[in-house]
Amino acid sequence: MAASKLPALSLSLQFGRFKGVERHRAALPRHGVTRWIRHALDIDGEITVRIVDAEEGQRLNREFRGKDYATNVLTFDYAQGPVVMADLVLCAPVVAREAKENRKTLADHYAHLLVHGTLHAQGWDHETSEADADEMEAYEIEILAGLGIRSPYGK
Numbered sequence: 098m099a100a101s102k103l104p105a106l107s108l109s110l111q112f113g114r115f116k117g118v119e120r121h122r123a124a125l126p127r128h129g130v131t132r133w134i135r136h137a138l139d140i141d142g143e144i145t146v147r148i149v150d151a152e153e154g155q156r157l158n159r160e161f162r163g164k165d166y167a168t169n170v171l172t173f174d175y176a177q178g179p180v181v182m183a184d185l186v187l188c189a190p191v192v193a194r195e196a197k198e199n200r201k202t203l204a205d206h207y208a209h210l211l212v213h214g215t216l217h218a219q220g221w222d223h224e225t226s227e228a229d230a231d232e233m234e235a236y237e238i239e240i241l242a243g244l245g246i247r248s249p250y251g252k
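215 is the number that the numbering used here gives to position 118 of the sequence shown; each next residue is one higher, with no gaps.
A portion of the hints provided could be inaccurate.
Using C-beta positions, here's what the derived DEER-type ranges look like [what the hints assert, rightly or not]: (1) Thr145 <-> Tyr236: 20 to 26 Å; (2) Asp229 <-> Ala123: 20 to 26 Å; (3) Ala176 <-> Tyr236: 16 to 22 Å; (4) Glu152 <-> Ala235: 33 to 39 Å; (5) Phe173 <-> Ala230: 30 to 36 Å; (6) Thr168 <-> Lys102: 29 to 35 Å; (7) Tyr250 <-> Glu160: 26 to 32 Å; (8) Lys102 <-> Lys164: 36 to 42 Å; (9) Arg156 <-> Ala228: 29 to 35 Å; (10) Phe161 <-> Arg200: 28 to 34 Å; (11) Ala105 <-> Asp165: 34 to 40 Å; (12) Glu160 <-> Leu103: 31 to 37 Å; (13) Arg159 <-> Phe115: 26 to 32 Å.
Pairs of lysine to aspartate or glutamate, EDC-like flavour, derived with a Cα cap of 16 Å [said to hold, decoys possible]: (14) Lys164 <-> Glu152; (15) Lys116 <-> Asp150; (16) Lys102 <-> Asp139; (17) Lys102 <-> Glu153; (18) Lys102 <-> Glu119; (19) Lys164 <-> Glu224; (20) Lys116 <-> Glu153; (21) Lys116 <-> Glu152.
By construction, these hints were calculated from the structure, which means they are not laboratory data.
Using N, Cα and C, we set each Cβ at its ideal position, and we do this for glycine too.
Let the hints inform the model, and build the full structure from the sequences given.
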C-alpha cells in the first residue's frame with residue numbers, strides 16, 4: 098500500500114513512570130508507532146498507546162478481563178467506524194521479556210503487538226476459532242512483512 102493511501106491516524110503516545118522507561122521510549126519513536134499502526138488500519142483512527150509497568154498492566158487485565166496477571170497488550174476498542182477509536186495498553190516488562198525469549202528486537206516486538214492490538218480494535222479476534230486465529234496471524238505476518246519485519250510466528 099502506498100504511503101499516501103494509508104489511513105490517517107490521530108495518535109496519543111503515553112509512557113507510565115517506571116524503571117527503565119527510557120529503553121522503551123527509544124524503541125517506540127513516535128514516527129515508528131504511527132507507521133506501524135497506520136499499516137494495520139483499514140480506516141482512519143484515533144488511538145492512544147500507553148506503555149505501563151507490570152503493576153498497572155496486571156490491574157487493568159484483572160479489572161477488565163478477569164485475569165490476574167500482566168499481559169503484553171490490552172485493546173480497549175470504543176468504535177470501529179466511521180473512525181477506529183481505541184486504547185492500546187502495552188506492559189513494558191512483559192514485552193521486554195518476550196522479545197528477549199524470542200530473540201527479537203524490542204522495537205520489532207512492539208511493532209507486532211501494536212499491529213495485533215490495532216487489528217483487535219477493528220474487530221479481529223483470534224480467540225473465537227482456530228480459523229479466525231489462523232486468518233489473523235496470516236494478516237499480521239503480511240502487514241509486518243510490508244514493514245520489513247520478519248514473522249513473529251517463525252513462519
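Outcome of the hint check:
no., hint, result
1, Thr145 <-> Tyr236: 20 to 26 Å, "holds (23 Å)"
2, Asp229 <-> Ala123: 20 to 26 Å, "violated (35 Å)"
3, Ala176 <-> Tyr236: 16 to 22 Å, "holds (21 Å)"
4, Glu152 <-> Ala235: 33 to 39 Å, "holds (35 Å)"
5, Phe173 <-> Ala230: 30 to 36 Å, "violated (21 Å)"
6, Thr168 <-> Lys102: 29 to 35 Å, "holds (33 Å)"
7, Tyr250 <-> Glu160: 26 to 32 Å, "holds (30 Å)"
8, Lys102 <-> Lys164: 36 to 42 Å, "holds (38 Å)"
9, Arg156 <-> Ala228: 29 to 35 Å, "holds (33 Å)"
10, Phe161 <-> Arg200: 28 to 34 Å, "holds (31 Å)"
11, Ala105 <-> Asp165: 34 to 40 Å, "holds (38 Å)"
12, Glu160 <-> Leu103: 31 to 37 Å, "holds (34 Å)"
13, Arg159 <-> Phe115: 26 to 32 Å, "violated (18 Å)"
14, Lys164 <-> Glu152, "holds (13 Å)"
15, Lys116 <-> Asp150, "holds (8 Å)"
16, Lys102 <-> Asp139, "holds (10 Å)"
17, Lys102 <-> Glu153, "violated (36 Å)"
18, Lys102 <-> Glu119, "violated (33 Å)"
19, Lys164 <-> Glu224, "holds (15 Å)"
20, Lys116 <-> Glu153, "holds (13 Å)"
21, Lys116 <-> Glu152, "holds (12 Å)"
Comparing the model with each earlier hint shows violations of hints 2, 5, 13, 17 and 18; every other hint is respected.
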